[in-house]
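Undergrad: Generate the whole structure from the sequences, applying the supplied hints.
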Amino acid sequence: MTSSKIPYFQNPSNYLQTLQSTGWKEMEHTDEKHRFWTRAWDQKEPPKSLGPSEFAEPMADSSYQAETFPTSLDELPRALLREEYRRMYDGLCALGPDPQPKGGRRTAVPITGHPGIGKTIFRDYALYRRCLEGKPTLYFDESTLYLFHEGGVLSLGKDVHTDLTTLDPFTPDTRLLLDGPSPQLPIPNAFCYATEIIQGSYSLHLHLTRADGTGGRSIRCAS
Numbered sequence: 001m002t003s004s005k006i007p008y009f010q011n012p013s014n015y016l017q018t019l020q021s022t023g024w025k026e027m028e029h030t031d032e033k034h035r036f037w038t039r040a041w042d043q044k045e046p047p048k049s050l051g052p053s054e055f056a057e058p059m060a061d062s063s064y065q066a067e068t069f070p071t072s073l074d075e076l077p078r079a080l081l082r083e084e085y086r087r088m089y090d091g092l093c094a095l096g097p098d099p100q101p102k103g104g105r106r107t108a109v110p111i112t113g114h115p116g117i118g119k120t121i122f123r124d125y126a127l128y129r130r131c132l133e134g135k136p137t138l139y140f141d142e143s144t145l146y147l148f149h150e151g152g153v154l155s156l157g158k159d160v161h162t163d164l165t166t167l168d169p170f171t172p173d174t175r176l177l178l179d180g181p182s183p184q185l186p187i188p189n190a191f192c193y194a195t196e197i198i199q200g201s202y203s204l205h206l207h208l209t210r211a212d213g214t215g216g217r218s219i220r221c222a223s
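Residue numbers (UniProt numbering): 1 to 223.
Among the clues, some could well be false.
Stated by the list, open to error - Pair by pair, the computed Cβ-Cβ distance ranges are: (1) Lys-25 to Ala-94: 33 to 41 angstroms; (2) His-114 to Gly-151: 25 to 33 angstroms; (3) Glu-26 to Glu-83: 31 to 39 angstroms; (4) Lys-25 to Leu-80: 27 to 35 angstroms.
What the hints assert, rightly or not - Below, in silico cross-link-like pairs of lysine-lysine (DSBU-like), each with a Cα-Cα straight-line distance of 35 angstroms or less: (5) Lys-44 to Lys-135; (6) Lys-135 to Lys-119; (7) Lys-135 to Lys-25; (8) Lys-44 to Lys-25; (9) Lys-44 to Lys-119; (10) Lys-119 to Lys-25.
Source of the hints: derived by calculation from the structure; they are not laboratory data. Keep in mind it's a predicted model, so treat the numbers as computed, not measured. For each residue, glycine too, the CB sits at the ideal point set by N, CA and C.
TA: Below you can see the structure in the form of structure tokens.
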């Protein structure tokens, strides 16, 4: 199958380009990222309410219900759904595209906030919402770039550090979600040409950017 027939790709300059030739690999069905996809893609699993008896820590008897959503994280299969996450995601969706970036760099939407405030979990909420809506999404996790799309999950490993054209064929509705920079998790040099890396405070962890390079507004994560 050529990439010109895959809906999340634009027609590349090389029409014989395939997923295999660009280094993308299909994730195993036992992988956590694929299991997340099976729960979330195209309205498969809406938010779920948990009662006190289902919380990890003992609680006093209460009728309180906590709404949760599935994540792609191995150590956290579900996370509490904060109203702030809904507000921020709706704000991101309402942002219009900025002018085309200059100097070969793509622009980004930075999410700012104090350490531990929930920026990383919000990234998974954004991934969850986009999967529910059936929207192709790129997700960078440590050393691997993932593509969540209608056919499942693809991964791209070491090539992402050297291949500056990896993101070029994607359509404007594809988004790249990445968490960084930080001293423990630097952004690959190749992403300097995929997102506009904003230097400064390491509390600026989360960048949400369109894969085609448009975007570039900022939203603050409230305390």
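Undergrad: Go through the numbered hints given earlier and state which of them the structure violates, listing their numbers in rising order.
TA: Checked against the structure, the only hint that fails is number 2, while the rest are satisfied.
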